[in-house]
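So the sequences go chain by chain: A and B. Per the working numbering, the first sequence runs over residues 1 to 327. Per the working numbering, the second sequence runs over residues 328 to 654.
Accuracy of the hints is not assured; some may be wrong.
The list that follows gives simulated cross-link-like pairs (lysine-lysine, DSSO-like), each with its CA atoms no further than 27 Å apart [stated by the list, open to error]:
id, chain 1, residue 1, chain 2, residue 2
1, B, 369, A, 25
2, A, 42, B, 435
3, A, 42, B, 352
4, A, 12, B, 369
5, A, 42, B, 369
6, A, 54, B, 352
7, A, 292, A, 25
8, A, 108, B, 338
9, B, 630, A, 108
10, B, 429, A, 54
11, B, 352, B, 557
12, B, 557, A, 54
13, B, 435, A, 25
14, B, 339, A, 102
15, A, 11, B, 381
16, B, 338, A, 54
Short, incomplete list of chain A residues facing chain B, as computed with Cβ under 7 Å [said to hold, decoys possible]:
id, residue
17, 30
18, 35
19, 98
20, 99
Derived Cβ-Cβ restraints for the label pairs, each shown as a range [said to hold, decoys possible]:
id, chain 1, residue 1, chain 2, residue 2, range
21, B, 347, A, 249, 40 to 46 Å
22, A, 254, B, 343, 55 to 61 Å
23, A, 16, B, 513, 45 to 51 Å
Keep in mind that the hints were calculated from the coordinates and are not lab data. Glycine included, C-beta positions come from ideal geometry on N, C-alpha and C.
There are 2 protein chains.
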Amino acid sequence: MVSTLGSFGEKKVIETIIKAIRKRKLPLEIGDDATAITVASKYILFKIDTIVGKYSLLPGMNYRDLGWRIVTAAVSDIVVKGGRPLSLLMSITAPSDLELEKLIDIMKGADEAAEFYGTYIDGGDTNEGSELVLSCACIGSANKVIKRNPLREGDVIAVSGFFGYTGLGFQYLLEKKELPPSIKNVVLSKTYRPIARLDLVNVLEESSEYIRSSIDSSDGLAESLYQLIKCTGEGGIIVDNLPVHTTILNAIQDFDRLLRAVFYGGEEFEIIIAVKRGFENKVKKIFEKYNKDLIFIGNYRHKLDGVYFMKDQKRIHIERKGWEYFS
Amino acid sequence: MVSTLGSFGEKKVIETIIKAIRKRKLPLEIGDDATAITVASKYILFKIDTIVGKYSLLPGMNYRDLGWRIVTAAVSDIVVKGGRPLSLLMSITAPSDLELEKLIDIMKGADEAAEFYGTYIDGGDTNEGSELVLSCACIGSANKVIKRNPLREGDVIAVSGFFGYTGLGFQYLLEKKELPPSIKNVVLSKTYRPIARLDLVNVLEESSEYIRSSIDSSDGLAESLYQLIKCTGEGGIIVDNLPVHTTILNAIQDFDRLLRAVFYGGEEFEIIIAVKRGFENKVKKIFEKYNKDLIFIGNYRHKLDGVYFMKDQKRIHIERKGWEYFS
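Make the full structure from the sequences, and use the hints.
Below is the structure:
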């Protein structure tokens, strides 16, 4: 019997191909946001990210946004591990009938992002293919790296900003759900031009000894929390404070819709950390010193299984169903 | 008027997108085989390479070979600039109906290559797309980097091995041209499983002060020589010694076919260097010390324009027509 990628789903596919290759001990484990190696007693961080045009080019989005996005995705993975980007490479596979102007726009958007993150696109590669595929490789450096250590009882889950924007954006653009005018601009701008949190790299460095684990929210809040649990091997996370801005809370009356937007949006590129129990105030103060938000949203509980949201004393199970390819 | 990539051709497309972005001064210029940055007084080399399944999967080639090839292509670019690979990342875009076994084979072939080159695949990315696209990012380190400096009158062009194998392989596999049984095995094995010349990295390091410029032969000997000329701005290269093994010379009677195989093969991943005039013997001795071949094939001539092959006192013009996408 022939078994296709589609019959397994992305998680199983990734698990299987990781099993197929040799592994070695590195500062960050395979499957973490980025790879780290040590060069001359410094950490070099290293990441490749790919997007396929037909999935990533949302209605109303332009090619500059697409270039911005692929760079942002790669930089975000470096930042969340404590690194600063040093250099970017872009690989573009495109069909022969694509307008050159669109390719230029992609590169300009990518370069705008590179400039915003204080670095450059220093090289790359072009290939012909039947559809648009963009890969971005980012190299960065760090004094300290933030691993994905197993969580411990009572570790506090915190996020670097509010969620829900991209979720509502995808609902509006892909499912044609209405967006109240009061939030339309902010939702669309955060959906089209997400920002990697390079502004937090000093804060992360300074708080690193109090951080158990970190991940960016590219796959959505729910999936990211499940990833933290997966690295722990067992247990669950209970979310008792929904990280949503008042404007959004006031604008969206349908609570189920809001919950879905918060947990299953993705590509917010916010940072999710597990703070070692008892060090919440220390970390909060470091964030405050730099004038940065840190929102405590819940805790790790050994006896739970999965992710839950507490609403009016009732536990709502947040299923694991982020964006998954090959499904 | 809408202008597509196809109406410009790959060289013009690359030129245009490089113009669209900011550049900075780095040890190696944009357009060189790899990118180099300096970290803690060491050179970090960095490269991304992409192959599209439908172009790279030759008849009779298996998916392991494909995995081997993408790693080899990325490693070769690091090596030719004087670097040793430190880590590899793989990004795979594949259609949902691809058999998982094929993906496993790709990863196993990639891992075999990684092991052969003394490194690991330490991370990556999977995406769904309508066709198979593989990207490999390689990071390496070097004590010295070999640039693409402008050539000077009389600089000697040398190559690390014989050419013609992959050219004959492509002719056989893609154009159904006959291959004499005496060379079939060697031609096919070098076509399916080319090898990056990591074995030369010590030699290159030791000879680096005598080397004006270097490039790998991934785009074919002719195109690589034209690239060396392009970095010079003008002039030409005259090839008076065809780098072909006697077995091949004896087996292929049709000289035009042989010439085409030597100059327009590509993906041999041999190293092409321009040795500073007067230092040929010094460099030759270093290669000999390590028991490595170095074949002097010709010279740079300021007054020429393009690449020429000298045969029986007559100059044959070797046109610039390597593999070009979007054409």
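**Message:** Under the constraints set out in the numbered hints, which ones does this structure not fulfil?
**Reply:** 2, 4, 6, 7, 9, 12, 22 and 23
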